[in-house]
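Enquirer: The primary structure of each chain is shown beneath.
Protein chains: 2
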Amino acid sequence: MMFRSRFLAAALASLLTVLASGLGPAARAQTDPLPSWNDGAAKQAILAFVKQTTDQASPTFVPPAERIATFDQDGTLWVEHPLYTQIVYCLEQVPALVRQKPELAGVEPFKTVLSGDREAMGKLSDEDLLKLLSMTLTGVSVDQFRAGARQWLETARHPRWKRPYTDLTYLPMQELMKYLRASGYKTYIVTGGGQDFVRAYAEATYGIPVEQVVGTAAATKYGYDKDGKPFLTKEPRLLLNDNDAGKPEGIYLMIGRRPHAAFGNSTGDRQMLEYTTAGNGARLGMLVLHDDAVREYAYGPAQGLPDSRVGTFTQALYDEAKAKGWTVISMKSDWKRIFSFEP
Amino acid sequence: MMFRSRFLAAALASLLTVLASGLGPAARAQTDPLPSWNDGAAKQAILAFVKQTTDQASPTFVPPAERIATFDQDGTLWVEHPLYTQIVYCLEQVPALVRQKPELAGVEPFKTVLSGDREAMGKLSDEDLLKLLSMTLTGVSVDQFRAGARQWLETARHPRWKRPYTDLTYLPMQELMKYLRASGYKTYIVTGGGQDFVRAYAEATYGIPVEQVVGTAAATKYGYDKDGKPFLTKEPRLLLNDNDAGKPEGIYLMIGRRPHAAFGNSTGDRQMLEYTTAGNGARLGMLVLHDDAVREYAYGPAQGLPDSRVGTFTQALYDEAKAKGWTVISMKSDWKRIFSFEP
Chain Z
817 MMFRSRFLAA ALASLLTVLA SGLGPAARAQ TDPLPSWNDG AAKQAILAFV
867 KQTTDQASPT FVPPAERIAT FDQDGTLWVE HPLYTQIVYC LEQVPALVRQ
917 KPELAGVEPF KTVLSGDREA MGKLSDEDLL KLLSMTLTGV SVDQFRAGAR
967 QWLETARHPR WKRPYTDLTY LPMQELMKYL RASGYKTYIV TGGGQDFVRA
1017 YAEATYGIPV EQVVGTAAAT KYGYDKDGKP FLTKEPRLLL NDNDAGKPEG
1067 IYLMIGRRPH AAFGNSTGDR QMLEYTTAGN GARLGMLVLH DDAVREYAYG
1117 PAQGLPDSRV GTFTQALYDE AKAKGWTVIS MKSDWKRIFS FEP
Chain C
817 MMFRSRFLAA ALASLLTVLA SGLGPAARAQ TDPLPSWNDG AAKQAILAFV
867 KQTTDQASPT FVPPAERIAT FDQDGTLWVE HPLYTQIVYC LEQVPALVRQ
917 KPELAGVEPF KTVLSGDREA MGKLSDEDLL KLLSMTLTGV SVDQFRAGAR
967 QWLETARHPR WKRPYTDLTY LPMQELMKYL RASGYKTYIV TGGGQDFVRA
1017 YAEATYGIPV EQVVGTAAAT KYGYDKDGKP FLTKEPRLLL NDNDAGKPEG
1067 IYLMIGRRPH AAFGNSTGDR QMLEYTTAGN GARLGMLVLH DDAVREYAYG
1117 PAQGLPDSRV GTFTQALYDE AKAKGWTVIS MKSDWKRIFS FEP
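Chains as they are written, first to last, in our numbering: chain Z, 817 to 1159; chain C, 817 to 1159.
Worth flagging that the hints you see were computed from the coordinates, not collected in a lab. Honestly, I wouldn't trust all of these hints.
One copy or any two copies: either way a pair holds, since identical chains are not told apart in the list.
[Claimed, not checked] Computed list of lysine-lysine pairs in DSS-like fashion (alpha-carbon distance at most 25 Å, straight line):
no., residue 1, residue 2
1, Lys-1138, Lys-939
2, Lys-1152, Lys-978
3, Lys-917, Lys-927
4, Lys-978, Lys-1045
5, Lys-1140, Lys-1042
6, Lys-1138, Lys-1042
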């Protein structure tokens, strides 16, 4: 009886839910899926795209299996200034690395990083940065790496907001990802950042499972510990540089389908948007423009700021976006709120 | 009113469904999820594993996001004798390739393939085979490749059953994949075969979407056609050799989680099973033993057959399976039916 009545209770709950949704078309229409977005071209482009691709009556309807949306991370989903979070992570690993390998203390670029001289660090060459990345991101087991990255993220704080980096995601983009998922889209991160680094927090931070994070990836090597247990070690051999043309190449390798929507904020995302929007039917390409010096940062076209190490939104990219119908999202005017911790 | 009454109808249907499931525990228990499996150790191992990992009360319960099951393809999901299907495909591409590049006609291994001498073809070196694979699988756009592979599969027939290769999947394994999916598992193919080749038919043949096919993968190159439209070309640069240790490495790269269940049939799957079953909690490792010369083929340990080009189930692997608790599936005694087109 207990058994039967539990099912009856479930049946009643189910009936009430269905009745409520039957009563609710007007109520539901008032529920804005994107409350942190101001009304404007960007928000309208998103709503129109979802309608065009999910309404069965639409000539550009997309079957659920093909609903793929890809998001760059740094500068698109979270703050990338003054430095990419992963670069900060690598720099902060250097003291521990030098304790393990004291011979590095007198060698560049480790010497400069150890000096703490921020200005000198800012002038490190790309080659030096690559050496830093390679030395601090490889040579450990994948499990150790993930645990270390998670531990670091718990204590590290952004210099401006004094908050964990994982708090510094853009609320409007979080809403957008949720809205797309609720509309049957599979959301992927396609990042120039390290795939393993982003996978360490993507599920908790964005609701994106590890298998939906595509990034710059190094090879691993299968081996055994002293007890004969198998484990994988991160190797300093690059498999995929997930920037520029590497983004569509990575998408093909890891997803195998052309996205219907792609979101970025820099020249590194250009080919991803180009590849996405070159497909048939309704496609959506959007670029986040950082033009809000007060609430976040202002850089990129018409901001009069010099290029920096972080992703660049050039004037050429801006012009191409206008020519190709990619929507530019102005943080300043399109976003009512930027962070969930601010009103 | 129309609107309201449709919702009421839906509510009633929903209520009836819930009531029916409430009435049905006894009826449901009689529905065997694996009707093509004989009762025995293999079937019991599967049923026990699913119960242990999906029953919330079980100490080895696995949250849905972590439910990953990986399947080798050739010899595990479909017939691999007398040659891997993809090798047949490559051999049959040679005449068209030589028409495009006539200078290859007098060069090995193309000369031997063109001769049609099966015995000579069987003696081609691994190096020659790699050259054949590289020349017939690359240099085209990814869209052309997928279309070509699909077209070939429509007309190609297996020499023994005179049926499309995609008919030659094992019914018990299809049931197993469906049962695992119904139990919240995400099923992946992790194949030594070409990722692009398997992706051409995995969805229609196995119900496995392209993004859940991990295989031996070559790089692609992003470029533009004469109208400025972007496309990807298959390059002869190997990114991932998805055999042996390459399987756990590929799983880490593409899935990022350790599987809870893994299925194979040869030494090429050894490390995948080892990596899977070395994890904590309930794990399932199974190997298909081809010991049914009448209904399929007999090869491997105790079959007294010499090794062939296709995956080998060595005596050493058999012994390791027994030692490590991996279940060996006997096609002859564990499978009531092998193909859906046979009784």
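Enquirer: Give a verdict on every hint.
Expert: Hints, one by one, checked against the model:
Within a single copy, Lys-1138 and Lys-939 get their C-alpha atoms no closer than 34 Å, and across copies no closer than 59 Å, so neither meets the 25 Å cut-off. Taking the closest pair of Cα atoms, Lys-1152 and Lys-978 come within 25 Å of each other only inside a single copy of the chain (22 Å); across copies the shortest separation is 64 Å, beyond that limit. In this assembly of identical chains, the alpha carbons of Lys-917 and Lys-927 lie at most 25 Å apart only when taken from the same copy (13 Å versus 56 Å across copies). Neither within a single protomer nor between protomers do Lys-978 and Lys-1045 lie at most 25 Å apart by alpha-carbon distance, with minima of 41 Å and 45 Å respectively.
Taking CA atoms no more than 25 Å apart as the test, Lys-1140 paired with Lys-1042 passes between copies only; the shortest distance there is 18 Å, against 57 Å inside one copy. When the C-alpha separation of Lys-1138 and Lys-1042 is checked against a cutoff of 25 Å, the pair qualifies only between copies, where the shortest distance is 23 Å, while the shortest distance within a copy is 59 Å.
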